[in-house]
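Chemist: Okay, here's what each chain looks like letter by letter:
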Amino acid sequence: ETGVTQTPRHLVMGMTNKKSLKCEQHLGHNAMYWYKQSAKKPLELMFVYSLEERVENNSVPSRFSPECPNSSHLFLHLHTLQPEDSALYLCASSRAYRDSGNTIYFGEGSWLTVV
Amino acid sequence: EDQVTQSPEALRLQEGESSSLNCSYTVSGLRGLFWYRQDPGKGPEFLFTLYSAGEEKEKERLKATLTKKESFLHITAPKPEDSATYLCAVQADTDKLIFGTGTRLQVFP
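Taken in sequence, the protein lines are chains A and B. By the numbering used here, the letter at position 9 of the first sequence is numbered 9, and the numbering carries on one by one without gaps. By the numbering used here, the letter at position 30 of the second sequence is numbered 30, and the numbering carries on one by one without gaps.
Be a bit skeptical, because a hint or two may be false.
Here are the simulated SDA-like cross-link-like pairs (lysine to any residue), alpha carbons at most 20 Å apart as the crow flies [unchecked claim]: (1) B:Lys96 x A:Asn30; (2) A:Lys36 x B:Asp39; (3) A:Lys22 x A:Trp111; (4) B:Lys63 x A:Thr103; (5) A:Lys40 x B:Lys68; (6) B:Lys42 x A:Asn30; (7) B:Lys68 x A:Ser100; (8) A:Lys19 x A:Thr5; (9) A:Lys41 x B:Arg37; (10) A:Lys18 x A:Arg95; (11) B:Lys63 x B:Ser52; (12) A:Lys40 x A:Glu52; (13) B:Lys69 x A:Gly101; (14) B:Lys96 x A:Glu53; (15) B:Lys96 x B:Arg31; (16) A:Lys18 x A:Pro61; (17) B:Lys42 x A:Leu88; (18) B:Lys42 x A:Asp99; (19) B:Lys79 x B:Pro8; (20) B:Lys42 x A:Tyr97.
These stretches of chain B come out as covered by chain A in the derived footprint (C-beta under 8 Å, 3 or more residues) [as the list claims (entries may be wrong)]: (21) 22-30; (22) 53-61; (23) 97-106.
These are calculated hints, taken from the structure and not from any lab test. All of these numbers come straight from a predicted model, not from anything done at the bench. Positions of the beta carbon are idealized from the N, C-alpha and C atoms, including for glycine.
Sequences and hints are given; from them, build the entire structure.
Modeler: This is how it looks when you write it as structure tokens:
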């Protein structure tokens, strides 16, 4: 079983739909992250949770809504998205938030296409 | 402004042809430099963490080195299965993790 598991792997949704991405980490980590990866751009940090508390929200539009019910699970709720939101969404976890040399481990990603 | 630049953007190698990928950075205080491998359609896979200038780490055909301004990922006698995008990320003293745009490596038999 991989350390960070994301579902679904692929999602196609219309602009008026509501859907959710799910992430589960099996590493016993205390911090979880959502990143967005678009073609030819660096990974963009969206949200960070530390011990289930949101600690970073990097100017992400409100049509993206994160939820962290416990330290092992992370959701990204999606509604009224735009075509430019089509991208690979990566969940990640680390032992702690803001530790020096803190290694972040990624899931396989969820490919999102907005039509 | 903290910045991470990777070069080249793309690299094509013949199997067995050794080469190096570069990651140059300007950050306010380095707390760690990370290398990841990313296969198409998948998430980045962690390879190495380097903490200070002069440090080196190896894994199979890969060797990562670090200076005060840049890191190199040396690939010795690459095989087609080494084909992937290699990402570099730097943790500054602001604790932000800054990613480069990656080097897409293709190794041909």
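Chemist: Taking the hints in turn, state whether each one holds.
Modeler: Structure-based check of each hint:
1. B:Lys96 x A:Asn30: Holds, because 17 Å separates the two Cα atoms, which is no more than 20 Å.
2. A:Lys36 x B:Asp39: Since the Cα atoms of Lys36 (chain A) and Asp39 (chain B) sit roughly 16 Å apart, the hinted pair holds (cutoff 20 Å).
3. A:Lys22 x A:Trp111: 12 Å, holds
4. B:Lys63 x A:Thr103: 18 Å, holds
5. A:Lys40 x B:Lys68: 26 Å, violated
6. B:Lys42 x A:Asn30: 23 Å, violated
7. B:Lys68 x A:Ser100: 17 Å, holds
8. A:Lys19 x A:Thr5: OK: Lys19 (chain A) and Thr5 (chain A) at ~18 Å, within 20 Å.
9. A:Lys41 x B:Arg37: Roughly 16 Å separates the two Cα atoms, so the pair holds.
10. A:Lys18 x A:Arg95: 31 Å, violated
11. B:Lys63 x B:Ser52: Roughly 15 Å separates the two Cα atoms, so the pair holds.
12. A:Lys40 x A:Glu52: 31 Å, violated
13. B:Lys69 x A:Gly101: 17 Å, holds
14. B:Lys96 x A:Glu53: 18 Å, holds
15. B:Lys96 x B:Arg31: Given that 20 Å is the threshold and the Cα spacing comes to 10 Å, the pair holds.
16. A:Lys18 x A:Pro61: Holds - the C-alpha atoms of Pro61 (chain A) and Lys18 (chain A) are around 15 Å apart, at most 20 Å.
17. B:Lys42 x A:Leu88: 9 Å, holds
18. B:Lys42 x A:Asp99: Roughly 26 Å between the alpha carbons, so the hint for Lys42 (chain B) and Asp99 (chain A) is violated.
19. B:Lys79 x B:Pro8: 19 Å, holds
20. B:Lys42 x A:Tyr97: The hint is violated at about 24 Å.
21. 22-30: Coverage by chain A is violated for the region 22-30 of chain B (0 residues, Cβ < 8 Å).
22. 53-61: The restraint on the region 53-61 of chain B is violated, since only 0 of its residues have a Cβ under 8 Å from chain A and three are required.
23. 97-106: Holds: 5 residues of the region 97-106 of chain B have a Cβ under 8 Å from chain A.
Taken one by one, the earlier hints fail for this structure at numbers 5, 6, 10, 12, 18, 20, 21, 22, listed in ascending order.
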